[in-house]
Amino acid sequence: MKKEDIHFGDWLRMFAGDVPPGFYWEVVLRIAIIYLLLMVSMRLIGKRMASQLSRR
Amino acid sequence: MRKQDIAAGDFYRILFGETPEIFLLEVLLRTLFMYVALLVVVRLMGKRMGGQLTISELAVMVTLGAIVSPGMQMPQTGLLLCLVILLCALIFQRGTNWLEFRFRKFEELSQGKNTTLIEDGVLQLAQMQKTKVSRQQIFAVLRSKHIYNLGQVERLYLEACGLFSVYTRSEPAAGLLLFPPSDQSVNTFGQQSAAGMSACANCGKTAERTPGPGGCPICGAHQWGQASIAIQEKQNRAS
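Protein sequence lines, in the order shown, are assigned to chains A and B. Letter 12 of the first sequence, counting from 1, is numbered 12 in the working numbering, and no numbers are missing. Letter 228 of the second sequence, counting from 1, is numbered 228 in the working numbering, and no numbers are missing.
Within a straight-line C-alpha distance of at most 25 Å, the following computed SDA-like cross-link-like pairs (lysine to any residue) qualify:
hint	chain 1	residue 1	chain 2	residue 2
1	B	K113	B	V141
2	A	K3	B	L25
3	A	K3	B	L24
4	A	K3	B	R2
5	B	K113	B	L99
Derived by calculation from the structure, the hints in this document are not laboratory data. Every value quoted in this text rests on a predicted model; they were computed, and no experiment measured them.
Extracted from the complex, chain B is given alone in its bound form (with noise of 0.2 Å):
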């Protein structure tokens, strides 16, 4: 289309583009073909599609409404074309999904492995360098599982797909509080203080006393807290 055939308020340009009306009926057949192809691919895909558990997965969803807008509405697009390219989709996700399978090794490359990010309570500063997770995203989704306190966590790992998965003492250890620094007031929720403990502002490992001049064992940091350890509940909640 050429730039002087561009005429502001040309309502069948707005409303119908460069092809005649009829071609809304087109649309009609064009969509209805894509839309089962569409939902016949997904479905040969596999089951964890809908889930979306890996980023490949997340990948292919998301090219997937590219690859089959052009055959819903251009004229110009074969049908044929956009069914070549799903099904090339398809084999692909498929092939990496078997390689995946069947080489442990193809699945760390293409994959990633899991990070531990808390290792007895204590935050492991290096890996969550490496995997950009910040402190307080580590606390959110702490306080997100109802762990309130870094001494109950046995383990936290960050899982290849992105998910965190969180292994609680069985007794809980004094550690550093989990609470929000903007929220004073909600300090002692559940919790009372570690007598004579205290912990890392920068890792969370404990101390009996403040050490002295070399800081934190772990980190080297010099700022510490007091330490408190979470009551534990009555047994009424499962997990």
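In isolation and in its complexed conformation, chain A is listed as follows (with noise of 0.2 Å):
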């Protein structure tokens, strides 16, 4: 996005931003994967994850 295109009380922009109204299906998507990614990998890095005992 160029500077010239940024103008203040463009309320489009900032509440829907530049992208297609299909974007936000993907971003429910998106997040979805990400979170079991997430999920999955703190499950598997193990119980001390959480409280954090050692510096590693």
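Grab the two chains, each in its own frame, and use the hints to assemble them into the complex.
Have a look at this one:
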């Protein structure tokens, strides 16, 4: 995005952003995958990850 | 931004990036919006988010920061998009919480089960290997709980959330001392040696006299030390 295109009070850009409406569906799918990935990796890292006993 | 446009010492670029000065005002509005949205979502996620009891709470806490930051500073990012992502995080977190509450099997899958690391003053070496907790880490945990002798420990659990819970025996039995090997001078602190008792240096199993060629009946190790009994403190400290 170029500097000249950024105007104050461009509420459509501020609230909807510079993406097509279809991206909103994509983002739900993305976060579902990331959430699952994060949960599985946290689980595999092991119990002490949550309480952070050692500095590793 | 093209490589040729990046000149060293371009203070406008360093301070404002690729945005006009007025974008700073928009950043203020954006930050205000995202901050309120974040507060609302964290509040809705429930009381325990502050304490971060489980791995999923920690995972969500880490992601929340990453979710809100583009909304605060990237000009091309829409705030509604960030709001959708925040709401998704909220729904997934509350959804897994509900499933964990409703189905025991799901909780075991998502959070794991607790492990017994010490049973009747004996280190459970197989469980320690499974959870990758070293002997010195266990000793450090016990020392921080004012326990200086394995014989005082009835059970030590590693909870699924990563916390250690300890149950002490009502009467201290003979066991292995927990002082660091580097500090010899502290060895007798609050302890008396148990006459004729030996403790396995590997797992803490105690035995009358040093056993014969078979080694330790629990772990098969051959290194034995003097077993000690903790002198019971005056009952001036609750818990």
